[in-house]
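Protein chains in written order, with the numbering used here: chain A, 1 to 250; chain B, 251 to 484.
Please keep in mind that the hints were generated in silico from the structure rather than gathered at the bench.
Heads up, a few of these hints could be off.
Unchecked claim - Straight-line C-alpha distance at most 25 Å; calculated SDA-like pairs for lysine to any residue:
| # | chain 1 | residue 1 | chain 2 | residue 2 |
| --- | --- | --- | --- | --- |
| 1 | A | K73 | B | S468 |
| 2 | A | K74 | B | N364 |
| 3 | A | K73 | B | F256 |
| 4 | A | K74 | B | F262 |
| 5 | A | K67 | B | P365 |
| 6 | B | K267 | A | K67 |
| 7 | A | K157 | B | N364 |
| 8 | A | K67 | A | G86 |
| 9 | B | K267 | A | K157 |
| 10 | A | K74 | B | S468 |
| 11 | B | K450 | A | K157 |
| 12 | B | K254 | A | T104 |
| 13 | A | K74 | B | R258 |
| 14 | A | K45 | B | A453 |
| 15 | A | K78 | B | L268 |
| 16 | B | K450 | A | R117 |
| 17 | A | K8 | B | F256 |
| 18 | A | K114 | B | P259 |
| 19 | B | K450 | B | L474 |
| 20 | B | K267 | A | G37 |
| 21 | B | K254 | A | K123 |
| 22 | B | K450 | A | K67 |
| 23 | A | K78 | B | S468 |
| 24 | A | K181 | B | L268 |
| 25 | A | K78 | B | A453 |
To be verified - One side only, chain B facing chain A, incomplete, derived with CB under 10 Å:
| # | residue |
| --- | --- |
| 26 | E260 |
| 27 | R266 |
| 28 | S285 |
| 29 | E353 |
| 30 | D356 |
| 31 | I390 |
| 32 | I394 |
| 33 | T425 |
Cβ coordinates follow ideal geometry from the N, Cα and C atoms, glycine included.
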Amino acid sequence: MITIHNIKKSFNEIEILKGVSFVFNRGKTNLIIGQSGSGKTVLIKCMLGLFNADEGNVLYDERDFTKMNSSQKKHIRKEVGMLFQGGALFDSMTVEENIMFPLTMFTSQTMEEKIDRVNTCLKRVNLENSNTKTSSELSGGMQKRVALARAIAMNPKYLFCDEPNSGLDPRTSIIIDNLIKEVTEEYNMTTIINTHDMNSVMEIGDNILFIKNGLKEWEGNNKDILSTDNPAILDFVYSSNLFKKIRANQ
Amino acid sequence: MLRKVFTRPENFSVFRKLVIHDIYDFGINSVGIVSFMSLFVGAVVTVQTAVYIDSPLLPKYLIGLVARDSIILEFAPTMIAIILAGKIGSNIASNIGTMKTTEQIDALRVMGVNPINYLMLPKLVAMVFFNPFLIAISMILGVIGGWGAGVSSGLCSSAEFMEGVTMYFSAFNVTYAFIKTILFAFVIATVSCFQGFYTKVGAIEVGRASTRAVVYCSVFIIILNYICTQLLLA
């Protein structure tokens, strides 16, 4: 479980996050949604320590990340997996080397053990026999799957996904969403997904935080979202023609 | 930033592999261009020296002596460093800049890897270790190029050239050249990495960072060259 409390962040005196609090549950896919520029990515980067929050706390299972020194933060980071928007695969490495990288850096496993783990992770994301390919030989969806395999290689307790569906076709998006949902339940991780994709919200939104203008505007799950009367969330959800039609049919 | 570079590497076997990779990438892969430039510049220096001291009062061995000192004191350490700043500096800055743009550096940080140490220290060690070898090759080939040009064009005999090369030889000149070489290698690695790490997002910015790396490296090398010369030779 990750708890954030009153997170504030400004850049050049422009307030991006104005005090966001939320609880991200373990074993659930927790979604942060909102329009572009609402502060989703800044929030996720504050939670990961890529940005230092101006105020507030981030608690990883009661351990206050914001009050930790760099070596304590490093310990937490070994429990974190991250799927970046563009995959962020190391382009000088093969698929196998990418997934093996955290294992090589932080474990004393033998080469056989590491290859075994790589193959397990690749099998989990349905990419067997891609070990020797480089990132340039992979499609966008395959890159995301390799990035997901790398993110789960260390059996993380926390999984962060930054817009996992961006740049993917709807069918591949659903595959990625379902994979994230499956690994979350399988490994009992606290998964946090930053998205503005309504299909993802409806498919895998166990616990949803809606941010507008740097503030928490709404929270709930994928069942609540279509029945809410919050005008901001309605405006966000029904900005899609598809959902307008669903609502009309209802 | 430098404080973060000189921390203990996360994993020494990975660090060793990266150093070997960078020695190959920056050092071995530069031997060709360094050899080619050194042979021809050595030849040009010799021909120009011969033309300017074309007087019956001046002994022919001066051609070899002047060519040797020009190559050892200035051409090999400084000019080759500027060429390497263009070749290696732009490579390092664009590589790290692209890694930053594509969130690969964030990925390292999220995993708990210190990206500055992981990316910069192996490059710095490889450059400082291998640059003196490149400069030694440049010195030797520069003199050979000069000898070839001098003898083949009939400006001096082989014996006269070699007499000049061995005459009044000061070992300190070579030491001075290697001190400069190590400092220039440090400048190329650090300035280029710095430019890469502080690239703003976007392809244009990566190009700009690469250009800035070459320009700043060249400027620092020239200034440092003057300071070293004042401190060590003046």
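Do the hints match the structure? See the list:
1. A:K73 with B:S468: violated, 39 Å
2. A:K74 with B:N364: Holds - the C-alpha atoms of B:N364 and A:K74 are around 9 Å apart, at most 25 Å.
3. A:K73 with B:F256: holds, 19 Å
4. A:K74 with B:F262: holds, 18 Å
5. A:K67 with B:P365: The given pair, whose Cα atoms are some 22 Å apart, holds under the 25 Å limit.
6. B:K267 with A:K67: Since the Cα atoms of B:K267 and A:K67 sit roughly 35 Å apart, the hinted pair is violated (cutoff 25 Å).
7. A:K157 with B:N364: holds, 21 Å
8. A:K67 with A:G86: violated, 30 Å
9. B:K267 with A:K157: violated, 30 Å
10. A:K74 with B:S468: violated, 37 Å
11. B:K450 with A:K157: Judged against 25 Å, a Cα distance of about 32 Å means the pair is violated.
12. B:K254 with A:T104: Answer holds: B:K254 to A:T104 is near 21 Å, not above 25 Å.
13. A:K74 with B:R258: Holds - the C-alpha atoms of B:R258 and A:K74 are around 14 Å apart, at most 25 Å.
14. A:K45 with B:A453: holds, 23 Å
15. A:K78 with B:L268: holds, 22 Å
16. B:K450 with A:R117: This hinted pair is violated, its Cα atoms lying about 36 Å apart.
17. A:K8 with B:F256: Violated - the C-alpha atoms of B:F256 and A:K8 are around 33 Å apart, more than 25 Å.
18. A:K114 with B:P259: holds, 21 Å
19. B:K450 with B:L474: Judged against 25 Å, a Cα distance of about 28 Å means the pair is violated.
20. B:K267 with A:G37: violated, 41 Å
21. B:K254 with A:K123: Given pair B:K254, A:K123 is violated - Cα atoms ~38 Å apart, limit 25 Å.
22. B:K450 with A:K67: violated, 29 Å
23. A:K78 with B:S468: violated, 40 Å
24. A:K181 with B:L268: violated, 36 Å
25. A:K78 with B:A453: violated, 31 Å
26. E260: holds, 6 Å
27. R266: Check failed: Cβ of B:R266 comes no nearer than 12 Å to chain A, outside 10 Å.
28. S285: Constraint on B:S285 not satisfied, violated at 27 Å.
29. E353: Holds: closest Cβ of chain A sits about 4 Å from B:E353, inside 10 Å.
30. D356: With a minimum Cβ separation of about 6 Å from chain A (threshold 10 Å), the hint on B:D356 holds.
31. I390: violated, 33 Å
32. I394: At 36 Å from the nearest chain A Cβ, B:I394 fails the 10 Å test, so the hint is violated.
33. T425: violated, 37 Å
The structure is inconsistent with the numbered hints 1, 6, 8, 9, 10, 11, 16, 17, 19, 20, 21, 22, 23, 24, 25, 27, 28, 31, 32, 33, although it conforms to all the rest.
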